[in-house]
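Novice: What follows is each chain in one-letter form.
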Amino acid sequence: MSNIIRHEPHKILCHAVEYGGLVFLAGTVPEDMTQDVKGQTKQVVDEIDRLLAKAGSHKSKILSATIWMADIRDRAQMNEVWSAWVDPQQLPVRACVESKMADARCLVEIMVTAAK
Amino acid sequence: MSNIIRHEPHKILCHAVEYGGLVFLAGTVPEDMTQDVKGQTKQVVDEIDRLLAKAGSHKSKILSATIWMADIRDRAQMNEVWSAWVDPQQLPVRACVESKMADARCLVEIMVTAAK
Amino acid sequence: MSNIIRHEPHKILCHAVEYGGLVFLAGTVPEDMTQDVKGQTKQVVDEIDRLLAKAGSHKSKILSATIWMADIRDRAQMNEVWSAWVDPQQLPVRACVESKMADARCLVEIMVTAAK
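Chains as they are written, first to last, in our numbering: chain H, 1 to 116; chain Z, 1 to 116; chain E, 1 to 116.
Only chain H is shown next, with the shape it has when bound in the complex (with noise of 0.2 Å):
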């Protein structure tokens, strides 16, 4: 059985793990969560850019993410900042839904799983 990698663990939680050639992240939320929604996915996607290389992994390599969106109408804007940052050759699956988040603030926040 491979080991389990847990990397950047804080408080609660780690923000990536790895195991068994699958690499998983936490719900990933901006950080500076006064920008707009297009500003605070672009934050999301960079650091899960950013985790995803900590983990040997890349976008390309993504298989699944789920969104959560504060309101669901800024489902399109999402979708500008999603869409010009996946690699359009390797989609992975994916479910967007509204939730309310911890941070009232927060627009979005990703969670996905990716293959290493």
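Errors might be hidden in some of the hints.
Repeated chains share a single entry, so a pair holds when one copy, or any two copies, can fit it.
Listed below are the simulated DSS-like cross-link pairs for lysine-lysine, each with C-alpha atoms no more than 27 Å apart in a straight line [said to hold, decoys possible]:
1. Lys116 / Lys11
2. Lys100 / Lys42
3. Lys116 / Lys42
4. Lys100 / Lys38
5. Lys54 / Lys116
6. Lys38 / Lys61
7. Lys59 / Lys42
8. Lys116 / Lys61
9. Lys38 / Lys59
10. Lys38 / Lys54
11. Lys42 / Lys61
12. Lys116 / Lys59
13. Lys54 / Lys42
14. Lys42 / Lys11
Derived from the structure by calculation, the hints contain no laboratory data.
Following the hints, put chains Z and E in place on chain H, whose structure we already have.
Specialist: Just chains Z and E now, with coordinates in the frame of chain H:
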């Protein structure tokens, strides 16, 4: 390491992704959202059947499902269709919660992970 | 390919499924929903401990958790119980969002994926 096989890319996502013995499906929504919750759920599970077959899997191999409903009070009706559909000898784990979805007429969305 | 092992089937779902070195748990809810959020969270993590043990895993091997709360403002209280429970050297990735759940008295539901 096994390859990633991606099925039915559509603009921003794929509808199914295979990797390492696992099959990931996108959050599957009904095509005809004018139907009631039972009709919509039937459409969703039919589509899941179709996608699993395409990826070399089957409903009897579903490991985990996440179900989002526009109104959690519709859960009993959704469960009628779910119960008639799932393999009673091969039940997956499952969570079912309420969230608004991209299309306000969408009453149910289901995301599954299956074994090959 | 490894076998799928399913634990505690109950009408519409199983409470745990093992496959390929992974353990999937259903969205676990408290049994006594008259308790406050801390009491409910304690029940949920106790139940997760029980199910992981049954599937040959352990909280130190949790890879990923998704937490749904009826009221995200209860997050700090839930986190007190979470923090006391998780292995601080083996923290999983995690997302925590607000969604209504099947029973209106249910304040917290947790779904985890673990390694064997």
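Novice: Each of the hints needs a verdict: does it hold here or not?
Specialist: We went through each hint and held it up to the structure:
no.	hint	verdict
1	Lys116 / Lys11	both (25 Å within a copy, 24 Å between copies)
2	Lys100 / Lys42	both (19 Å within a copy, 23 Å between copies)
3	Lys116 / Lys42	within (23 Å within a copy, 34 Å between copies)
4	Lys100 / Lys38	both (18 Å within a copy, 20 Å between copies)
5	Lys54 / Lys116	both (11 Å within a copy, 24 Å between copies)
6	Lys38 / Lys61	within (23 Å within a copy, 35 Å between copies)
7	Lys59 / Lys42	within (14 Å within a copy, 33 Å between copies)
8	Lys116 / Lys61	both (7 Å within a copy, 19 Å between copies)
9	Lys38 / Lys59	within (18 Å within a copy, 36 Å between copies)
10	Lys38 / Lys54	within (24 Å within a copy, 35 Å between copies)
11	Lys42 / Lys61	within (19 Å within a copy, 32 Å between copies)
12	Lys116 / Lys59	both (10 Å within a copy, 23 Å between copies)
13	Lys54 / Lys42	within (18 Å within a copy, 33 Å between copies)
14	Lys42 / Lys11	both (25 Å within a copy, 18 Å between copies)
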